[in-house]
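Read off the chains here:
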Amino acid sequence: MNWERLGPTFTEALAQTAYMLFWAMLVGGLIGLAIGVGLYVSRSGNLLSNRVVFAVLNVAVNIVRPIPFIIFLFAIGPLTKAVVGTTIGTEAATFAMALMAGFAFSRLVEQNLVSLDPGVIEAARAMGASPLRIILTVLIPEALAPLILGYTFLFIGVLDMSAMAGYIGGGGIGDFAMVYGYQQYDWTVTYIVVGVIIVIVQLAQLLGNYLARKALHR
Amino acid sequence: MTTAAPIVSLRGVSKVFPGRRGGTPVTAVDDVTIDIAEGEIFGVIGYSGAGKSTLVRLINALEIATSGTITVAGAEVTGQGERALRRVRAGIGMIFQQFNLMGSRTVAGNVAYPLRVARVPRAQRAARVAELLEFVGLTDKARAYPNQLSGGQKQRVGIARALATSPRILLADESTSALDPETTQDVLTLLRRVNAELGITIVVITHEMDVVRSICHRIAVMEKGKVVEVGEAYDVFANPRHPATARFVASSLHDVPSPAVLQRLRNRHPGRLVLLRMKSDGAASGYLTRTLREHGIEGTIIYGGISEIAERPFGSLTLEIDGAVDDVEAFVREVVASAGATDLGTASSPSSLPLLGRINGEESA
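Protein chains in written order, with the UniProt record's numbering: chain L, 1 to 218; chain Z, 1 to 365.
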């Protein structure tokens, strides 16, 4: 591998990946938290049980989640154009990633909330806390450790998605590996990128585990 | 019990849960009318599924009654909107079987939570938390997390949290059922202090008769959603009128021999047997000794037990009476007439225990 020639391109690709991961994780995390909490509280017998809201959210999540990301990336083109202004480039790819990440995370959030002890929520209700307060000060803090682990899991999924950004000109290290590694028959480039991705994933998992352990208070 | 207006009053209250997936609706609480006086410890006892948990959740509006009227501290709870109900709930403390502490908060954080909900300023909050932890004896655990505490300590945190906003009523839902006997006594002692020192009315739900026996002033017995018996704890124990009550009493007190026990007693003690009940002033054993001496005979205690209910002595003793036939006869006649004792006869000519509520209940249990 010719570092003189590829170095600046690789750095740029890393920056693009960092950009996509940051925004997709931030926006996707918030969307996922909102939909996941919505699914949980609207479920029958729960805090704000509402059959219609639950059905709408549930169907929406079930429709979006099974779509392979590479198809989703193109399929939401019109929406991407309306929101971002273009269907190509890093921003357009980030938009699609944030949405997909949101829907994926919502199920993880819901699952973690379902396993919460309903007694704690009842205790908060008995103290006169409002539903919104219970969501913000009981539900989420009590489920924080598994939510952090779920979020870490999501990070790896989003990193996976970012490798496909190249198809709409989004760049990133995944695209770099394909263009300068695979298509140039340069195995060294491919394996350097693979190595970098493994390191990123390891670091993310270490951080996630550390934070989850801190949140457990055991 | 008192002439003052009751602090909690239920009038013809029912709660019907809709059946799951078109099943038949379940009536958890069925036309219940009870009054709970300010300052008392009121027990609601019943087997699982009797509706007692639902009943107590109607008082703090965690469940909404299907029909009937509920009044708490002079204000009607039924027919109120959600926002008003939150205020009702904030004014009633509640503790739970599984403690229901927030694992993400420290002990101090848990106790402070209801104060945050009530928008108490930070400085006052800290002072109140310190005061409450002192009251329950957990000052040194303020910064610990619930996971680091024992069951008894967790429940004491639960009690401190329930008392944070100075409620006039405390609801205790099976609050000792997850604790070992020794810790149960600690928690019951604390509840008694809450009642005596702070004047807080406590509604205790339990299936453990021993809890009722040691702290309740009055009790209501529930079966299949209905309150089948209400009264002073002592009276209900001493003279249960409903079979469900009789079963509970029999499960808690073992002073009266069951028919099977009585049969074994007769095998071992072929003489004349007499069952003597304790009087509430505890005078029975002195009376017994005196009367035996007067008749020049001897009595051996072969079964029985004396304990306390609502801080009054309660129980019975079964004796084998030994002596000349005529003296024994005279003695038995006297104790039956003047002390309400029960003559059980001898092994060769037994007379069975009359079908009192307690014995009746034991047989049908």
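Calculated from the structure, these hints are not laboratory results. Note that this is a predicted model, so its numbers are computed, not measured. Where hints are given, some of them may not hold.
One side only, chain Z facing chain L, incomplete, derived with CB under 10 Å [as the list claims (entries may be wrong)]:
| # | residue |
| --- | --- |
| 1 | F99 |
| 2 | R264 |
| 3 | R268 |
Below, simulated DMTMM-like cross-link-like pairs (lysine to aspartate or glutamate); rule was C-alpha separation at most 25 Å, straight line [to be verified]:
| # | chain 1 | residue 1 | chain 2 | residue 2 |
| --- | --- | --- | --- | --- |
| 4 | Z | K279 | Z | D322 |
| 5 | Z | K226 | Z | E174 |
| 6 | Z | K141 | L | E4 |
| 7 | L | K214 | Z | D322 |
Short, incomplete list of chain L residues facing chain Z, as computed with Cβ under 7 Å [what the hints assert, rightly or not]:
| # | residue |
| --- | --- |
| 8 | M127 |
| 9 | G128 |
| 10 | G157 |
From the three backbone atoms N, C-alpha and C, an ideal C-beta is built for every residue, glycine too.
Okay, the hints, checked on the actual structure:
{"no.": "1", "hint": "F99", "verdict": "holds, 8 Å"}
{"no.": "2", "hint": "R264", "verdict": "violated, 45 Å"}
{"no.": "3", "hint": "R268", "verdict": "violated, 50 Å"}
{"no.": "4", "hint": "Z/K279 <-> Z/D322", "verdict": "holds, 24 Å"}
{"no.": "5", "hint": "Z/K226 <-> Z/E174", "verdict": "holds, 19 Å"}
{"no.": "6", "hint": "Z/K141 <-> L/E4", "verdict": "violated, 61 Å"}
{"no.": "7", "hint": "L/K214 <-> Z/D322", "verdict": "violated, 73 Å"}
{"no.": "8", "hint": "M127", "verdict": "holds, 4 Å"}
{"no.": "9", "hint": "G128", "verdict": "holds, 3 Å"}
{"no.": "10", "hint": "G157", "verdict": "violated, 26 Å"}
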